[in-house]
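Colleague: These protein sequence lines map, in sequence, to chains E and A. Position 63 of the first sequence, counting from 1, maps to 63 under the numbering used here, and the rest follow consecutively. Position 24 of the second sequence, counting from 1, maps to 24 under the numbering used here, and the rest follow consecutively.
Please keep in mind that the hints were generated in silico from the structure rather than gathered at the bench. One thing to keep in mind: the hints can contain errors.
[Said to hold, decoys possible] Stretch-level coverage of chain A by chain E, calculated; a stretch enters the list once three of its residues show a Cβ under 8 Å from a Cβ in chain E:
| id | region |
| --- | --- |
| 1 | 10-18 |
| 2 | 33-39 |
| 3 | 43-52 |
[Unchecked claim] With beta-carbon atoms standing in for the labels, derived distance ranges:
| id | chain 1 | residue 1 | chain 2 | residue 2 | range |
| --- | --- | --- | --- | --- | --- |
| 4 | E | Ala292 | A | Phe24 | 34 to 40 Å |
| 5 | E | Arg126 | A | Ala66 | 46 to 52 Å |
| 6 | A | Ala70 | E | Arg210 | 30 to 36 Å |
| 7 | A | Gly26 | E | Pro10 | 22 to 28 Å |
| 8 | A | Ala66 | E | Arg210 | 30 to 36 Å |
| 9 | E | Thr336 | A | Gly26 | 31 to 37 Å |
| 10 | A | Ile27 | E | Leu103 | 21 to 27 Å |
| 11 | A | Ala73 | E | Ala261 | 41 to 47 Å |
| 12 | E | Glu338 | A | Glu30 | 31 to 37 Å |
| 13 | A | Ala14 | E | Glu301 | 28 to 34 Å |
| 14 | E | Leu103 | A | Val28 | 25 to 31 Å |
| 15 | E | Asp127 | A | Ala73 | 54 to 60 Å |
| 16 | E | Ala261 | A | Ala70 | 36 to 42 Å |
| 17 | E | Arg268 | A | Ile27 | 33 to 39 Å |
[Unchecked claim] With a straight-line cut-off of 30 Å between C-alpha atoms, the simulated DSBU-like cross-links for lysine-lysine are:
| id | chain 1 | residue 1 | chain 2 | residue 2 |
| --- | --- | --- | --- | --- |
| 18 | E | Lys155 | E | Lys123 |
| 19 | E | Lys43 | E | Lys324 |
| 20 | E | Lys14 | E | Lys155 |
| 21 | A | Lys29 | E | Lys155 |
| 22 | A | Lys29 | E | Lys234 |
| 23 | E | Lys155 | E | Lys106 |
| 24 | E | Lys123 | A | Lys29 |
| 25 | A | Lys29 | E | Lys43 |
Cβ coordinates follow ideal geometry from the N, Cα and C atoms, glycine included.
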Amino acid sequence: MKHLAEYRNPDTAKKLTEHIAALVTRPWTLMEICGGQTHSIMKYGLDRLLPEQVELIHGPGCPVCVTPLECIDKAIAIAQRPEAILCSFGDMLRVPGSERDLLAVKAAGGDVRTVYSPLDAVKTARDHPRRQVVFFAVGFETTAPAAAMAAFQAKREGLANFSLLVSHVRVPPAMEALLGAPNNRVQGFLAAGHVCTVMGYTEYEPLARRYKIPIVVTGFEPVDILSGIHRCLKQLEEGRHEVENEYRRSVRREGNQPAQALLAQVFRVIDRPWRGLGVIPASGLGLSPEYADFDAENRFEVGGVSAPEPAECRSGLVLQGALKPDRCPAFGTRCTPEHPLGATMVSSEGACAAYYRYRHAAHA
Amino acid sequence: MCLAIPGQILSLPATPEQPGRVNFGGIVKETSLAFVPEAQVGDYVIVHAGFAISRLDEAEAAEALAEFAALAALHADEAELP
Chain E
1 MKHLAEYRNP DTAKKLTEHI AALVTRPWTL MEICGGQTHS IMKYGLDRLL
51 PEQVELIHGP GCPVCVTPLE CIDKAIAIAQ RPEAILCSFG DMLRVPGSER
101 DLLAVKAAGG DVRTVYSPLD AVKTARDHPR RQVVFFAVGF ETTAPAAAMA
151 AFQAKREGLA NFSLLVSHVR VPPAMEALLG APNNRVQGFL AAGHVCTVMG
201 YTEYEPLARR YKIPIVVTGF EPVDILSGIH RCLKQLEEGR HEVENEYRRS
251 VRREGNQPAQ ALLAQVFRVI DRPWRGLGVI PASGLGLSPE YADFDAENRF
301 EVGGVSAPEP AECRSGLVLQ GALKPDRCPA FGTRCTPEHP LGATMVSSEG
351 ACAAYYRYRH AAHA
Chain A
1 MCLAIPGQIL SLPATPEQPG RVNFGGIVKE TSLAFVPEAQ VGDYVIVHAG
51 FAISRLDEAE AAEALAEFAA LAALHADEAE LP
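Given only the sequences and the hints, what does the whole structure look like? Please build it.
Modeller: So this is what it looks like as structure tokens:
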């Protein structure tokens with residue numbers, strides 16, 4: 001298919017890896033932010049094509065993984081209400097809450113439905129005026145515009161039976177939290193291509209200056225990722241720290257302005273807890289006062305739900321790039337995709353799931 | 001959630017509120033084009049959660065591929081040095 005074949009060309013990938021090998025003179029540690037990129041790296045074995053001095057660590061870029069346990073519990077509490085229809089992306093159904101997951105609620109008779117788009121949840125509300133339809137709105141700046149459009153349409157239509165359980169998060173504050181952490185090892189970032197497609201990359205420019213760190217906006221195909229790594233390493237070797245855009249076919253510096261305008265109308269920036277990372281200031285999106293009526297936390301009075309993280313799961317360290325998934329004592333034994341301890345193994349985009357699928361299974 | 005495969009627009013909706021049709025290698029999905037008002041039939045778009053979030057820029061794609069080719073040529077020159 002167009003725009004894929006060229007970026008999966010093995011000859012181009014091989015030439016880029018040769019160029020990277022010729023460039024590197026000392027050890028460097030890079031972090032890719034997006035779970036989609038983590039999966040491409042593992043699927044194509046890109047980390048194994050790099051010189052030994054270059055280490056890739058995997059960031060908190062899986063939206064399902066970073067959603068706090070308490071938020072899963074809130075969704076479960078709502079889904080158990082007889083009047084409710086809880087609509088969610090499929091990935092969220094198997095993420096364990098404190099006691100059960102949404103799939104178990106569904107099996108016990110709860111009305112939990114998988115949707116492809118938040119607009120499907122609005123349609124469900126239209127079709128079931130006597131039920132309360134809730135969209136479980138998780139994800140980064142990529143999915144938030146879709147949720148914003150759902151809220152916008154529901155408000156315009158005056159749908160009184162539609163609301164959103166919002167746990168949207170913003171990437172740049174999480175990158176800053178990682179850079180400011182005492183155990184930080186990140187020397188260069190591959191920024192998430194589709195987050196930047198929506199938001200542009202002006203937010204990254206002060207980060208690159210303040211922390212003296214190269215940030216390269218990177219796509220998802222093997223050649224994109226190798227090219228992003230090459231650009232990042234070139235900056236490091238030359239002592240530069242700039243924001244570069246490798247994914248120019250999709251990303252403009254100013255991002256997608258119609259999407260940003262709707263985000264600003266429907267949401268406001270708030271502090272949010274991230275699984276494994278704690279509360280990060282200004283890292284979340286919550287509904288703006290104009291859309292407060294569409295807040296499912298208030299409508300179902302689940303705002304007070306809280307839950308401690310499970311003791312054995314080390315998702316937090318994995319999400320910080322401090323622990324490689326296969327170094328976790330539970331990896332592949334007490335924690336597998338069939339019986340996951342935590343979100344990084346559950347989600348199809350999680351780093352633990354990527355290691356299990358592409359490495360563990362190959363050696364089992 | 002992250003679908004990185006570009007799709008090609010088959011048809012535009014009659015109004016911005018309605019979805020257009022986008023072809024992902026033979027699978028056709030209804031997709032909102034509300035965030036890419038400039039997109040036309042035949043354009044490739046990146047889609048997230050049922051919404052197109054960008055129209056792929058052919059000129060930028062061609063330029064990036066030319067850069068890779070130039071990089072490969074540069075490396076070949078370096079390899080020939082004694």
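Colleague: If a hint holds in the structure, say so; if it doesn't, say that too.
Modeller: Against the structure, the hints come out as follows:
Remark: the region 10-18 of chain A is not confirmed as covered by chain E, as 1 of its residues place a Cβ nearer than 8 Å to a Cβ of that chain, below the required three. Restraint check on the region 33-39 of chain A versus chain E: 4 residues with Cβ-Cβ distances below 8 Å, three needed, restraint holds. Given a C-beta distance limit of less than 8 Å, the hint that chain E covers the region 43-52 of chain A holds, as 6 residues qualify and 3 suffice. Judged by the Cβ atoms, the range 34 to 40 Å given for Ala292 of chain E and Phe24 of chain A holds: they are separated by roughly 37 Å.
For Arg126 of chain E paired with Ala66 of chain A, a C-beta distance near 49 Å keeps the hint of 46 to 52 Å intact. Range check, Ala70 of chain A to Arg210 of chain E: Cβ separation about 33 Å, and the 30 to 36 Å hint holds. Roughly 24 Å separates the CB atoms of Gly26 of chain A and Pro10 of chain E, a value that falls within the hinted 22 to 28 Å. The supplied range of 30 to 36 Å is met by Ala66 of chain A and Arg210 of chain E, whose beta-carbon atoms lie about 34 Å from each other.
Judged by the Cβ atoms, the range 31 to 37 Å given for Thr336 of chain E and Gly26 of chain A holds: they are separated by roughly 33 Å. In this structure, Ile27 of chain A and Leu103 of chain E meet the distance hint of 21 to 27 Å, their C-beta atoms being roughly 25 Å apart. With their beta carbons about 43 Å apart, Ala73 of chain A and Ala261 of chain E fall inside the hinted range of 41 to 47 Å. Between Glu338 of chain E and Glu30 of chain A the Cβ separation comes to about 33 Å, which falls inside the hinted range of 31 to 37 Å.
At about 41 Å, the CB distance of Ala14 of chain A to Glu301 of chain E disagrees with the hint of 28 to 34 Å. Checked against the hint of 25 to 31 Å, the C-beta distance between Leu103 of chain E and Val28 of chain A comes to roughly 29 Å, which is consistent with it. Hint check: Asp127 of chain E to Ala73 of chain A, Cβ distance near 59 Å, so the stated range 54 to 60 Å holds. Range check, Ala261 of chain E to Ala70 of chain A: about 38 Å between beta-carbon atoms, so the 36 to 42 Å window is met.
Remark: the range hint 33 to 39 Å for Arg268 of chain E to Ile27 of chain A is upheld by a beta-carbon distance near 37 Å. Proximity of Lys155 of chain E to Lys123 of chain E is assessed by CA-CA distance (about 13 Å); at most 30 Å being required, the pair is judged to hold. Between the alpha carbons of Lys43 of chain E and Lys324 of chain E the distance comes to roughly 16 Å, so the proposed pair stays at or under 30 Å and holds. Using a Cα cut-off of 30 Å, the hinted pair Lys14 of chain E and Lys155 of chain E is violated, with the two alpha carbons roughly 52 Å apart.
Using a Cα cut-off of 30 Å, the hinted pair Lys29 of chain A and Lys155 of chain E holds, with the two alpha carbons roughly 25 Å apart. Straight-line distance between C-alpha atoms of Lys29 of chain A and Lys234 of chain E comes to about 40 Å, which puts the hinted pair past the 30 Å bound. Distance hint between Lys155 of chain E and Lys106 of chain E is fulfilled; the C-alpha atoms sit about 28 Å from each other, no more than 30 Å. At roughly 16 Å between alpha-carbon atoms, Lys123 of chain E and Lys29 of chain A fall within 30 Å of each other, so this suggested pair holds.
Straight-line distance between C-alpha atoms of Lys29 of chain A and Lys43 of chain E comes to about 26 Å, which keeps the hinted pair within the 30 Å bound.
Checked against the numbered hints above, the structure breaks hints 1, 13, 20, 22 and satisfies the rest.
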